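**Student:** The residues making up each chain are set out below.
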Amino acid sequence: MDKQRREFLKIAGISTLAGLGAPAVVDRLVSGTTPLTAAASAEKGSSGHGAMETPAGHGQEAVPTGKQYGMVIDVRKFIAQRGLAEECIRACNQVHNIPQFPDRKDEIKWIWLTGYENAFPDNSHHHLNEEMERNQVLVLCNHCANPPCVRACPTKATFKDKHGVVAMDYHRCIGCRFCMAACPYGSRSFNWLDPRDPKGGLDVKNINRLFPTRMRGVVEKCNFCVERLGRGEQPACVAAASRSQGMFFGDLNDPNSEIRQVLKQNYTVQRKPSLGTKPSVFYII
Amino acid sequence: MFEKALKGNNNYWIWLGFLATFMAIGALCYIRQYMYGLGLTGMSRDVSWGLYISNFTFLVGVAAGGVMLVLPYYVHNYKVFGRITILGEFLAISAIIMCLLFIVADLGQPTRMLNVVFHPTPNSMLFYDMIVLNGYLFLNILCGWVILTAERKQIHPPKWIYFFVYLSIPFAISIHTVTAMLYCGLPGRHFWLSAIIAPRFLASAFAAGPALIVLVSLILKRVAHFDAGREATDKMVTIILYAALINAFFVMLEFFVGYYSQIPGHMHTLQYLFFGLEHHGHVYNNLVPFMWGFVVLTLTGYTLMAIPQTRRNDFWLAIGSASMFIGLWLDKGIGFVLAGFLPTPLEEIVEYYPTLNEIMITIAVWCTGFFILTVLYKIAVGVEHEVEA
Numbered sequence: 001m002d003k004q005r006r007e008f009l010k011i012a013g014i015s016t017l018a019g020l021g022a023p024a025v026v027d028r029l030v031s032g033t034t035p036l037t038a039a040a041s042a043e044k045g046s047s048g049h050g051a052m053e054t055p056a057g058h059g060q061e062a063v064p065t066g067k068q069y070g071m072v073i074d075v076r077k078f079i080a081q082r083g084l085a086e087e088c089i090r091a092c093n094q095v096h097n098i099p100q101f102p103d104r105k106d107e108i109k110w111i112w113l114t115g116y117e118n119a120f121p122d123n124s125h126h127h128l129n130e131e132m133e134r135n136q137v138l139v140l141c142n143h144c145a146n147p148p149c150v151r152a153c154p155t156k157a158t159f160k161d162k163h164g165v166v167a168m169d170y171h172r173c174i175g176c177r178f179c180m181a182a183c184p185y186g187s188r189s190f191n192w193l194d195p196r197d198p199k200g201g202l203d204v205k206n207i208n209r210l211f212p213t214r215m216r217g218v219v220e221k222c223n224f225c226v227e228r229l230g231r232g233e234q235p236a237c238v239a240a241a242s243r244s245q246g247m248f249f250g251d252l253n254d255p256n257s258e259i260r261q262v263l264k265q266n267y268t269v270q271r272k273p274s275l276g277t278k279p280s281v282f283y284i285i
Numbered sequence: 001m002f003e004k005a006l007k008g009n010n011n012y013w014i015w016l017g018f019l020a021t022f023m024a025i026g027a028l029c030y031i032r033q034y035m036y037g038l039g040l041t042g043m044s045r046d047v048s049w050g051l052y053i054s055n056f057t058f059l060v061g062v063a064a065g066g067v068m069l070v071l072p073y074y075v076h077n078y079k080v081f082g083r084i085t086i087l088g089e090f091l092a093i094s095a096i097i098m099c100l101l102f103i104v105a106d107l108g109q110p111t112r113m114l115n116v117v118f119h120p121t122p123n124s125m126l127f128y129d130m131i132v133l134n135g136y137l138f139l140n141i142l143c144g145w146v147i148l149t150a151e152r153k154q155i156h157p158p159k160w161i162y163f164f165v166y167l168s169i170p171f172a173i174s175i176h177t178v179t180a181m182l183y184c185g186l187p188g189r190h191f192w193l194s195a196i197i198a199p200r201f202l203a204s205a206f207a208a209g210p211a212l213i214v215l216v217s218l219i220l221k222r223v224a225h226f227d228a229g230r231e232a233t234d235k236m237v238t239i240i241l242y243a244a245l246i247n248a249f250f251v252m253l254e255f256f257v258g259y260y261s262q263i264p265g266h267m268h269t270l271q272y273l274f275f276g277l278e279h280h281g282h283v284y285n286n287l288v289p290f291m292w293g294f295v296v297l298t299l300t301g302y303t304l305m306a307i308p309q310t311r312r313n314d315f316w317l318a319i320g321s322a323s324m325f326i327g328l329w330l331d332k333g334i335g336f337v338l339a340g341f342l343p344t345p346l347e348e349i350v351e352y353y354p355t356l357n358e359i360m361i362t363i364a365v366w367c368t369g370f371f372i373l374t375v376l377y378k379i380a381v382g383v384e385h386e387v388e389a
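Protein sequence lines correspond, in order, to chains H and R.
Position one of the first sequence corresponds to residue 1 (this note's numbering), numbered consecutively onward.
Position one of the second sequence corresponds to residue 1 (this note's numbering), numbered consecutively onward.
In short, the hints are calculated from the structure, not lab data.
Bear in mind that the values here come from a model prediction, so they are computed numbers and not experimental data.
Each residue gets a CB set at the ideal place from its N, CA and C atoms; glycine is no exception.
Among the clues, some could well be false.
[Said to hold, decoys possible] From chain H, some residues computed to sit far from chain R (all C-beta separations above 12 Å): (1) LEU193; (2) LEU210; (3) LYS264.
[Claimed, not checked] Here are the simulated DMTMM-like pairs of lysine to aspartate or glutamate, each with C-alpha atoms no more than 25 Å apart in a straight line: (4) H:LYS272 - H:ASP103; (5) H:LYS272 - R:GLU347; (6) H:LYS272 - R:ASP314; (7) H:LYS272 - R:GLU388; (8) H:LYS105 - R:GLU348.
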């Protein structure tokens with residue numbers, strides 16, 4: 001028996017060494033610059049995925065390279081113009097064939113209105129100005145530069161694409177909903193029911209043929225309208241708000257883009273920046 | 001050896017028939033869910049994991065708990081556990097099978113589950129969970145079967161099997177550690193975001209697993225004339241008591257961090273679990289009875305097992321280990337997972353009500369596990385009796 005104990009100690013010693021090496025591996029994995037994630041992006045498309053090379057940033061922040069689409073939402077404009085936010089939501093729902101289930105439990109939401117203290121719980125207090133207390137803000141997927149949902153997905157069904165958009169492959173998703181637990185913004189929805197179910201009120205004859213309806217059992221969320229960007233169009237919500245200049249969209253890594261000018265000229269906030277997710281949606285309050 | 005499971009008295013067949021009935025009902029419920037979608041459950045956009053994943057989490061612990069028999073016997077040569085080590089290994093097998101069934105029941109697209117293998121993603125904790133759970137299942141089937149076969153032939157087990165026996169020890173730790181990492185690495189879920197989750201999981205697992213083994217061994221003593229022995233039972237009880245105490249200590253540490261730091265995110269979920277959380281004039285407290293049930297039952301179990309007079313009495317020991325097991329299930333199998341979603345990322349409270357269909361599937365998975373456990377224990381006990389005869 002002593003011999004067996006010795007054997008065990010040997011194994012234990014080797015596993016401890018392996019354990020000590022693990023943090024280095026994990027660090028590399030998490031930083032997003034590893035051959036593994038690079039391979040993942042190569043699998044998704046042949047072009048180089050610049051955004052993947054954006055390191056998470058430890059101490060000294062590296063200059064991000066590649067594209068990272070982002071959005072600025074000017075909340076003042078939405079307060080000034082009643083119904084504008086609803087217009088944006090309607091545009092999104094229409095373009096993406098999003099069903100409207102009456103039961104909250106089955107809901108699918110890509111962009112929606114919520115209270116200021118719900119969107120910015122860290123910035124709320126009892127003495128909020130009346131304007132903010134009364135009004136709601138638009139929330140959607142933040143297309144984080146360092147997205148926890150992408151880290152959690154066990155099949156790479158959700159991934160950062162070459163524009164820095166957090167995209168979904170509806171055909172690969174197994175519906176484990178790990179990404180929903182991982183998202184700190186509640187931006188993800190699951191198809192609990194068939195999205196074409198009559199309860200969802202989707203008029204199957206008059207859907208937008210340019211974008212697929214999903215199937216039940218998969219997760220979905222705002223995709224920054226990648227399909228429209230590919231055609232050289234603005235995201236549907238941005239287009240809907242363009243008259244009032246309520247939303248700006250563009251490449252955050254391009255110093256000459258309009259969105260960078262807007263960010264330079266206005267004080268903006270992000271949702272829960274302390275979590276290190278680096279949201280790409282900014283708010284002018 | 002399998003033929004031993006095919007011969008049994010009436011009670012054995014009635015018990016299996018009872019379990020099979022619920023398995024059949026659950027199978028029908030699962031077909032309904034498969035055809036209609038997970039909308040048939042009570043899960044929602046806000047509480048996106050329910051009974052399936054919470055029971056999965058608890059059962060990973062039960063599986064890992066088997067190591068509390070394997071380790072003393074094989075590493076410390078604690079001979080008293082010789083007769084019951086096989087119970088630990090077979091419990092691990094049935095618990096892991098329940099875990100895998102719960103995962104499949106929870107998937108939105110179960111036919112695609114092999115995507116986890118086809119598109120391996122090493123930055124996802126679920127990838128590692130798949131590896132360690134299946135690895136631990138394989139190791140326990142291998143070790144349990146080889147060692148039981150050797151025992152039946154009354155020869156020493158082959159030398160090579162010890163490599164796998166020792167390997168199963170770090171695997172037992174890893175299954176529950178990785179399962180804890182599913183939760184504790186998620187930003188924005190403050191209740192889960194605690195470095196103490198993995199040790200706390202292990203502590204409660206090392207109490208829950210052996211508690212079930214004590215309970216089952218007392219039943220085996222009555223129905224199958226299989227006596228684990230007083231000394232072995234006493235030692236298991238000691239393990240349960242220490243593990244339960246450490247678990248309680250960890251829970252209290254969570255309370256300290258939350259309530260002393262006064263950081264809302266660290267406080268709110270505990271508040272919701274144990275006292276009810278007031279939100280926009282409404283107090284949400286669905287899980288409060290479950291959590292106080294956890295406190296009362298584990299304390300009852302602890303007391304009954306700690307006092308020598310009740311510990312030496314089979315009836316009270318059975319009550320004690322059952323309340324310990326159920327208490328720990330309420331904590332990890334109900335409270336921990338379900339409450340972790342609240343308050344939601346958008347600071348709302350949405351409570352979860354499982355549906356009947358979902359509950360029947362959950363019961364069926366438990367029955368499947370106990371069915372497999374019964375058959376495996378029948379074989380193990382049959383071999384013991386054969387050797388003794």
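**Student:** Decide, hint by hint, whether the structure agrees.
**Tutor:** Results of checking the hints against the structure:
no. : hint                : in the structure
1   : LEU193              : violated (4 Å)
2   : LEU210              : holds (24 Å)
3   : LYS264              : holds (28 Å)
4   : H:LYS272 - H:ASP103 : violated (28 Å)
5   : H:LYS272 - R:GLU347 : holds (12 Å)
6   : H:LYS272 - R:ASP314 : violated (55 Å)
7   : H:LYS272 - R:GLU388 : violated (66 Å)
8   : H:LYS105 - R:GLU348 : holds (14 Å)
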